[in-house]
Each structure stands twice: as C-alpha cells, then as structure tokens.
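K.L.:
The residues making up each chain are set out below.
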Amino acid sequence: MSDLDTGSNQSEIRYLQPLKIDTGKRQKFDRFKRYDIKYVDYKDPEWLAQFLNEQGKILPRRITGTSLKYQRKVAKAVKRARTIALLPFVTDNLK
Amino acid sequence: MNQYETVFIMHPVLSEDQVRETVEKFKGFLKAKEAKVLHEENWGLKKLAYAIQSKRSGFYHLMEFQADPQLIEEMEVEMKRDERIIRFQTIKMDKHHIQFAKDRRKKLQKS
Numbered sequence: 000m001s002d003l004d005t006g007s008n009q010s011e012i013r014y015l016q017p018l019k020i021d022t023g024k025r026q027k028f029d030r031f032k033r034y035d036i037k038y039v040d041y042k043d044p045e046w047l048a049q050f051l052n053e054q055g056k057i058l059p060r061r062i063t064g065t066s067l068k069y070q071r072k073v074a075k076a077v078k079r080a081r082t083i084a085l086l087p088f089v090t091d092n093l094k
Numbered sequence: 000m001n002q003y004e005t006v007f008i009m010h011p012v013l014s015e016d017q018v019r020e021t022v023e024k025f026k027g028f029l030k031a032k033e034a035k036v037l038h039e040e041n042w043g044l045k046k047l048a049y050a051i052q053s054k055r056s057g058f059y060h061l062m063e064f065q066a067d068p069q070l071i072e073e074m075e076v077e078m079k080r081d082e083r084i085i086r087f088q089t090i091k092m093d094k095h096h097i098q099f100a101k102d103r104r105k106k107l108q109k110s
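Chains as they are written, first to last, in numbering that gives the first Met the number 0: chain C, 0 to 94; chain D, 0 to 110.
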C-alpha cells in the first residue's frame, strides 16, 4: 500500500474502511402530510414563523422538507400575512 | 355567492366607539347589498410588524361574509376612500379555507 506522505504528522493508525461519521442527517418530513393539515392560515404569525429564518425570509424546501404543493401555500400565506403587517418583510431578530 | 374573508386595520388613534362605528359602517354596507356576514372578530389594538403611515399599531378587525363578486370592488373603493382604515385585504375562500374557518369558529365558541 503506497505510503501516503502528506508531510503533516499523519497519525499512525490506518483505517481499513472509511470512518462512518454520523453527520446528524435526521429524516426531514412533510409536516402537512404527517399532521394532515390541509390549509395554511395566514392569520397565525407564530405558526408561520417556523417557515421563516431570523431575517423573516421564507426557508427553502430543502431545509423545511415540505412538499412543493404545500411550500407554495406557505409562501402565499406568508406574503398575505406580510401585507397585513402580521409578519415583517425584513427584520433582524424574528425568533 | 362566493365566500370572502376581509381583514382590515384601523388607525390607532381612533376612540373605541369610532372603531365600532367604522365596523358598523362596513357591516351595514354589506347587509344593504344582501351579503351575508357569517363571522366577525375584533382583534383589538395590535402592534404592527412594520410601520404603516408611520404608525406602529392598529385596530385589527376580521370579517367573513358571502357576497357577489362585484360587491367586493365597491367595498374596496369605499375602504380606500375611508381614511380611518389604513390597510385592508380581501381573500376569496376555497373549500379548505372554509372548512378551516368553520372548525376555528367551533373552537372559539367552545372556549
């Protein structure tokens, strides 16, 4: 096995197979399917805030794990809440 | 006859009866045009998320009603003209929304 000369003080232990580091990848789920929520209410800012980051921007689906159909409903509801000043357009400490 | 839901914000400087009078004005406007007001909620004075007309708070009011589509335009012109109302939003309710509102009303009545 060619000796890897990386110049740094490479630890003597050689692993035969790559280390299985658990990157803490928890299974994201679509909360609308699991809790069977059919309608996203724009009048409830606390509940909508879980889809926003600290600056009040809408989180992408890859973070929240919601399906496309409900992500659009969430986006529409957040924009409606913003027009009637229940949610800010931009802020710095929403949470 | 579609079902609509209107939320409007009133000027924070209004006195209590001026707020009630504004609400009565629009409820009467709807009743006069044979619209049916199903449900009403007064959220009272709430802090706004951002300043509207340099005001930080406002009286919120929610109205749920069934009306003809052309009535909405007249009502919104009326609201635009009325300077006590600083913001309004009318939403057409689809079947999920109607179901949700019905459950919400039941919960409110129970509590």
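For the record, the hints were derived by calculation from the structure and aren't laboratory data. Honestly, I wouldn't trust all of these hints.
As the list claims (entries may be wrong) - Derived Cβ-Cβ restraints for the label pairs, each shown as a range:
#, chain 1, residue 1, chain 2, residue 2, range
1, D, D93, C, Q26, 17 to 23 Å
2, C, A74, D, V76, 24 to 30 Å
3, C, L67, D, K30, 37 to 43 Å
4, C, Q16, D, K101, 57 to 63 Å
5, D, A50, C, I57, 19 to 25 Å
6, D, P68, C, I57, 29 to 35 Å
7, C, R61, D, K24, 46 to 52 Å
8, C, Q16, D, Q88, 30 to 36 Å
9, C, E45, D, A31, 35 to 41 Å
10, D, S14, C, E45, 38 to 44 Å
11, D, E20, C, I57, 34 to 40 Å
12, D, P68, C, Q26, 43 to 49 Å
Said to hold, decoys possible - In silico EDC-like links for lysine to aspartate or glutamate, alpha-carbon gap of 20 Å or less:
#, chain 1, residue 1, chain 2, residue 2
13, D, K106, C, E45
14, D, K106, C, D40
15, D, K105, D, E4
16, D, K46, C, D29
17, D, K106, D, E77
18, D, K46, C, D91
Unchecked claim - Facing chain C, according to a computed beta carbon distance under 10 Å, are these residues of chain D, among others:
#, residue
19, K24
20, Y49
21, P68
Backbone N, C-alpha and C define an ideal beta-carbon position, used for all residues, glycine too.
K.L.:
Indicate, hint by hint, whether the structure satisfies it.
P.N.:
Hint check results:
1. D93/D x Q26/C: 17 to 23 Å: Since the Cβ atoms of D93/D and Q26/C sit about 31 Å apart, the hinted range of 17 to 23 Å is violated.
2. A74/C x V76/D: 24 to 30 Å: holds (29 Å)
3. L67/C x K30/D: 37 to 43 Å: holds (42 Å)
4. Q16/C x K101/D: 57 to 63 Å: holds (58 Å)
5. A50/D x I57/C: 19 to 25 Å: Once the Cβ atoms are compared, 22 Å apart, the range 19 to 25 Å for I57/C and A50/D holds.
6. P68/D x I57/C: 29 to 35 Å: Since P68/D and I57/C have Cβ atoms about 30 Å apart, the given range 29 to 35 Å holds.
7. R61/C x K24/D: 46 to 52 Å: Once the Cβ atoms are compared, 48 Å apart, the range 46 to 52 Å for K24/D and R61/C holds.
8. Q16/C x Q88/D: 30 to 36 Å: About 59 Å separates the Cβ atoms of Q16/C and Q88/D, which means 30 to 36 Å is violated.
9. E45/C x A31/D: 35 to 41 Å: holds (37 Å)
10. S14/D x E45/C: 38 to 44 Å: violated (30 Å)
11. E20/D x I57/C: 34 to 40 Å: holds (38 Å)
12. P68/D x Q26/C: 43 to 49 Å: holds (45 Å)
13. K106/D x E45/C: holds (18 Å)
14. K106/D x D40/C: holds (15 Å)
15. K105/D x E4/D: Holds, at about 17 Å.
16. K46/D x D29/C: Violated, at about 32 Å.
17. K106/D x E77/D: Measuring from Cα to Cα gives roughly 32 Å; hence the hint is violated.
18. K46/D x D91/C: holds (17 Å)
19. K24: Hint violated; K24/D Cβ to chain C Cβ min 20 Å, cut 10 Å.
20. Y49: At about 5 Å, which falls below the 10 Å cut-off, the nearest Cβ of chain C leaves the hint on Y49/D intact, so it holds.
21. P68: P68/D check fails; min Cβ-Cβ to chain C is 19 Å, beyond 10 Å.
Of the numbered hints given earlier, the model fails hints 1, 8, 10, 16, 17, 19, 21; all others are met.
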